[in-house]
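Q: Okay, here's what each chain looks like letter by letter:
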Amino acid sequence: MKKVWTVISIVAAFILFSTAGYGQCRTFAKSECRPALNPYVHDGIYNATELSEGESAELYKTFYSNQNYRIAICGDASLPRIKFTIMDADRNVLFTNADKNFARVWDFKMESSQQLIISIEVSPNDDKMTDTFARGCVAVLIGFNANE
Amino acid sequence: MSMREKLFKVVRYIALFGVITAFVSCNSESKNDSTDKEKELKAKVVQDVKKVMISLPSPVETSILLKKAGASYNEALLNPTSNASKYNTDKQKALNLGVYGADLSYASIFGQDQTIMQYMNISKKLAIGLDLLTAIDQSIIDRLEANHDNRDSVIRIISETFMNSNSSLKDDNRPETAALILAGGWIEGLYLATSLVDKIEKKDLIERIVEQKMSLGELKQLLETYKSNKDISDVLEAIQPIIKAFESIEIQKSDKVEVVTNLETKQTEMKQKQKINITQKQYDELKSAVAKLRNSIIQ
Chain C
1 MKKVWTVISI VAAFILFSTA GYGQCRTFAK SECRPALNPY VHDGIYNATE LSEGESAELY
61 KTFYSNQNYR IAICGDASLP RIKFTIMDAD RNVLFTNADK NFARVWDFKM ESSQQLIISI
121 EVSPNDDKMT DTFARGCVAV LIGFNANE
Chain S
149 MSMREKLFKV VRYIALFGVI TAFVSCNSES KNDSTDKEKE LKAKVVQDVK KVMISLPSPV
209 ETSILLKKAG ASYNEALLNP TSNASKYNTD KQKALNLGVY GADLSYASIF GQDQTIMQYM
269 NISKKLAIGL DLLTAIDQSI IDRLEANHDN RDSVIRIISE TFMNSNSSLK DDNRPETAAL
329 ILAGGWIEGL YLATSLVDKI EKKDLIERIV EQKMSLGELK QLLETYKSNK DISDVLEAIQ
389 PIIKAFESIE IQKSDKVEVV TNLETKQTEM KQKQKINITQ KQYDELKSAV AKLRNSIIQ
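First to last, the sequence lines map onto chains C and S.
The numbering of the first sequence is this note's numbering, which starts it at 1 and goes up by one.
The numbering of the second sequence is this note's numbering, which starts it at 149 and goes up by one.
Just chain C, with the same shape it has in the complex (with noise of 0.2 Å):
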């Protein structure tokens, strides 16, 4: 009987771990991204999503012209370091992070109101010497000005 109850503690805890991620990306994005959004005043929209080395992922969304926004994208320190990309809907790059030391935020303005898509993609770690690969948290939370 003893041993029932060894493998149920250990299911139970596996079960726990296993699901116990998705709280902490959330407790992540509000802690650790949200104040990057300062002074801008942040959406109320929660944008995030476990990745892993090599994975990207892509948001959708229409930013309205004459508003001033502020993008911050966040990754788990885990993780190796985050690369965005903004495109339009004709996927024509507008700027890339990449070319500014791998910024975590971007401010903006639009002449006029357009969907954009928002690439980002943790980067492959070359250097790393075992073959697991590193798993965690990635926000992506916009901000805009409310007092103009």
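Keep in mind that the hints are not guaranteed to be accurate.
Said to hold, decoys possible - Subject to a maximum C-alpha distance of 27 Å in a straight line, what follows is the list of computed DSSO-like cross-link-like pairs (lysine-lysine):
id	chain 1	residue 1	chain 2	residue 2
1	S	Lys-351	S	Lys-435
2	C	Lys-30	S	Lys-199
3	S	Lys-216	C	Lys-109
4	C	Lys-109	S	Lys-404
5	S	Lys-273	C	Lys-30
6	C	Lys-100	S	Lys-414
Claimed, not checked - Using C-beta positions, here's what the derived DEER-type ranges look like:
id	chain 1	residue 1	chain 2	residue 2	range
7	S	Asp-352	C	Thr-27	37 to 43 Å
8	C	Ala-98	S	Asp-382	42 to 48 Å
9	C	Ala-89	S	Asp-382	26 to 32 Å
Unchecked claim - Sample of chain S residues with no beta-carbon within 12 Å of chain C, all distances over it, derived:
id	residue
10	Thr-229
11	Ser-230
12	Asn-231
13	Asp-238
14	Gln-260
15	Lys-273
16	Leu-281
17	Phe-310
18	Lys-375
19	Thr-413
20	Asp-432
21	Lys-435
22	Ala-437
23	Leu-441
24	Ser-444
Please keep in mind that the hints were generated in silico from the structure rather than gathered at the bench.
Quick reminder that beta carbons are idealized off the backbone N, C-alpha and C, glycines included.
Given chain C's structure and the hints, the job is docking chain S onto it.
A: Relative to the frame of chain C, chain S by itself:
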């Protein structure tokens, strides 16, 4: 049954439970963890398998854009808080939590203290009804009361409640409910905007309204992601008249986006000209379609 057989039986049940739990925990954008052997293969194909996130304009952002474009405040347009007791299903609660969120944002941008508190309290009730216990807790209400005369703080607190709601739902593997709330908020924002404008001569507001054609594409894309859910497919069908009304309204863009960065402020401006072509008839049809859908949601 021997002790050994009992042990295997328990392990089988636990394994089955583990498989089911792992399956339901995966949302639409997550991928299965892989074994060490699979990792190499996964690394090769992962570049082609991108996760997609859709971000609709938040009600706070929409309200600020409307005020800048010259919108006025009209309390009579809001969904009365007395309607909340009629919402019994999760679909009604989620859509109207979005509606009340948009009303709350609209009131906050125009500094309507009493209305802000009423709509935050009614949002809290609907959130609890959706098991979103921590999205709007008493500390949020207390902070709102303490900062009611500081518009910037009020907007930040409201933004925080939206973040709490949609992050809780996504992390709890309830993205369909999050999508319904966002849809309700988007529809109410468009309803408020179109209700404030009768004639297309009000160019700034009309421009903001027509620009929602772009975010409508994102709303459609978001709903289509979860259309296997009946509540979502119902909403997807219900927005068809709005999609149709927008189809005939044209937004023309100049060919290329010019990117100009101010080296001192480090702010970038993306320059591209836009022209909107809309007739009064097209606008009236859009306004009517929006009002019809919104009124069916708040009933």
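Q: Which hints from the list above does the structure break, by number from lowest to highest?
A: Structure breaks hints 17 and 19.
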